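Trainee: Top line first, the protein sequences correspond to chains A and B.
Quick note: the first sequence uses numbering that gives the first Met the number 0, first residue 0, plus one each step.
Quick note: the second sequence uses numbering that gives the first Met the number 0, first residue 0, plus one each step.
If you're looking for bench data, these hints aren't it; they were derived computationally from the structure.
What you are looking at is a predicted structure, and each value in this text was computed from that prediction instead of being measured.
Be a bit skeptical, because a hint or two may be false.
Said to hold, decoys possible - Chain A regions said to be covered by chain B (calculated; three or more residues, Cβ under 8 Å):
hint	region
1	20-31
2	55-62
3	73-87
4	126-132
Here a beta-carbon is modelled for each residue, glycine too, at the ideal position from N, C-alpha and C.
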Amino acid sequence: MAGRSEQLLRPARVRTIVASFALALFLNFLPWPDLRFVPDFVALVLAFWCVRQPHLVGLGVAWALGLVVDAGNGVLLGQHALAYSLLAFLSIWLSRRILWFGPILQAAHVAVVLVVAQTLVLLVRLAAGDSFPGWALYVSPLAAAVLWPMVTWLLLLPQRRLEREQTI
Amino acid sequence: MEHSPPPFFKRGPAPLVRLFFFASLSLALLVIDARFRYAEGLRNALAIVAYPLQRAATAPIDFLGAVGAYLSTQAQLVEDNAALRAKALALSQDAQRYQAAEAEAAQLRRLIGAAERIPVKTLPAELLYAGRDPYSHKVFIDRGSQHGIKPGSPVADEAGVVGQVTRVHPLISEVTLLTDRDQAIPVQVVRSGLRAVAFGSGPSGMVELRFMAADAEIQNGDRLVTSGIDGTYPPGLPVATVVRIERDAELSFVRVVSRPAAGVDRGRFVLVLSDESARPARPEETVPGKDRRKDKSRHPRSKGKDGDGR
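Same shape as in the complex, but just chain B:
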């Protein structure tokens, strides 16, 4: 029935040997990728192989959307138009007031000699698809290094911060959502001005402030915005709203759970913000007594400092 010799005559290396070979190859790659990040070139090459298929896979959905848009009735269009007009009117009022306030703020900043804030450039992008990885919260957008996207740029939608660009391929980029466990964002409570760092909480789709002092000035319904202190996120973008505060009698900390303001897991269009302002580099930590041997311990210490709320 087969036109080749029976498989037990022609085998090559034993299957178990091959399994061992490929398993060790995979494990080596895993370690290289997870620990040292040396595999980015290989990843880019493979991503280009996968790109046509990814683009083709989202094409039917785009096509259905286009057909739906074409078939939308006139009544609906008129209705939408009226609603949008009303919204534009309301927003233009806000915009006028914002301009006045901005001018005033700039003047005050000049008065106190603070650095002038440079406007943030935005680049619209479309979500291609969500990552197929249930362990992390990532999405892919249809803009890459060809369009000038840089790793680390914040990503927002019309309601607030969505996440941050973590990996840039030539034509697409990967955005880690706020709700990913490894994602941290410096925030500020609008009502009290309290600063904190919000972490994603994984599968629940919430963000949380861990290790807040038990008497911290925070309550349900408080709005969290970016503080802008890290230099990555522009200040004042809405991040989340506090929904629950868990106080544990045994610990002296409270855990504050909040719901993201942006449509982190819905919506199709996002804005990639790029802050062109040249910030002064963080000052080198001075090593007391000009002791150069302590060079090695510098890295972990600076990491610890990031975590405690700066």
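Extracted from the complex, chain A is given alone in its bound form:
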């Protein structure tokens, strides 16, 4: 299921997944100056694990994370939960297709998924009576997609085997 030139990986550990989500939440809560240009790290890491480990990280995890993000940011409870559920669903649905491509095309697929999730949040807020905050809103998912190759490399690091181990 992995890409053509990919080496064999160890199975992912739950510890790694939990730590990566904690780190993503931490990055989200940093005091950023303008939040529309900052990628949503939680969404990105969630998409990553849904693509790589669809039977470990699924819609339930996505929903719970969405609630924590909603409460932490003080927004309408459930808007990120809804968006992350859809994000997880799309990522799992596309996971085999995404893994077939190289890093750049993977990022393109993820960009589409993230933009769809962002649009869902936008629709929820418009329905709740807020005004449209400008197209700069879509900088965030696109910036997140640009980070995809780096995130892939970083999060697969704990699963890489040493060269010596592989030759055995």
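Chain B: place on chain A using the hints.
Mentor: Then chain B, alone, in the frame of chain A:
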């Protein structure tokens, strides 16, 4: 390569069913939170989960600030000291005059039998971070119900009103800024005494007075202060300065755009004001003819009254 059975043997409920389940759960929560505000308990619990991460996220910035303060040169400290001394001198003069004026005002108030004004208590707080929500203008401060913060308290900095506490968690509180679209504040024009209600105007970072009469006594550069009529904000705090007046020939209203006086989107320290004065409750609206059936229509009417400038 994986040590578990292939995913197509072990699936649980179909993914689409799960999506439907979680989506309806989210939608139900959204409606409950937006319409009825029943989800506050859940929100508090989740906020406590997120708190350590939020605190950790602001720690590096605090640390950098501390390092910067430690490394500030002596020359700079001497300079700052001199500037602050000069400022303190100027302010002490003002304070003396203020005391005299306050005593005089209290005496006059006693003369006319008005209620004495009770001093406002202030509680300093530090901004933790801005909300990650581009749709609203909110910030979080590091004081919560443990420190005695109550929802509805006004928040100000050294230049003027910043906003109002809208949600209180045990350790942090959420402050809605003046510039938020849903935030309204009763103001008064210093020059003419004209009363109005200022609303936030969203992304532009301004506040505006909507639906002013075309001949309203207001001009560019007028200062707006809180009128204190609502009983929430103490009177006389600077709110904004008028920068633009939009007159529309077709409508009989003008829109007055003003720039907030306080550093609404800058600065790190704010004061939470708590007004301890016990105000008499707003008198119940009398229903003509003792007709109790009209109870239902009372709520929307009182809302409409808030909007038209009281």
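Trainee: Hint by hint, note whether the structure agrees.
Mentor: To see whether the hints hold, each was checked on the structure:
1. 20-31: Our answer is that it holds, as 9 residues pass the Cβ test (under 8 Å) against chain B, meeting three.
2. 55-62: Answer holds; 5 residues pass the 8 Å Cβ test.
3. 73-87: holds (count 10)
4. 126-132: holds (count 4)
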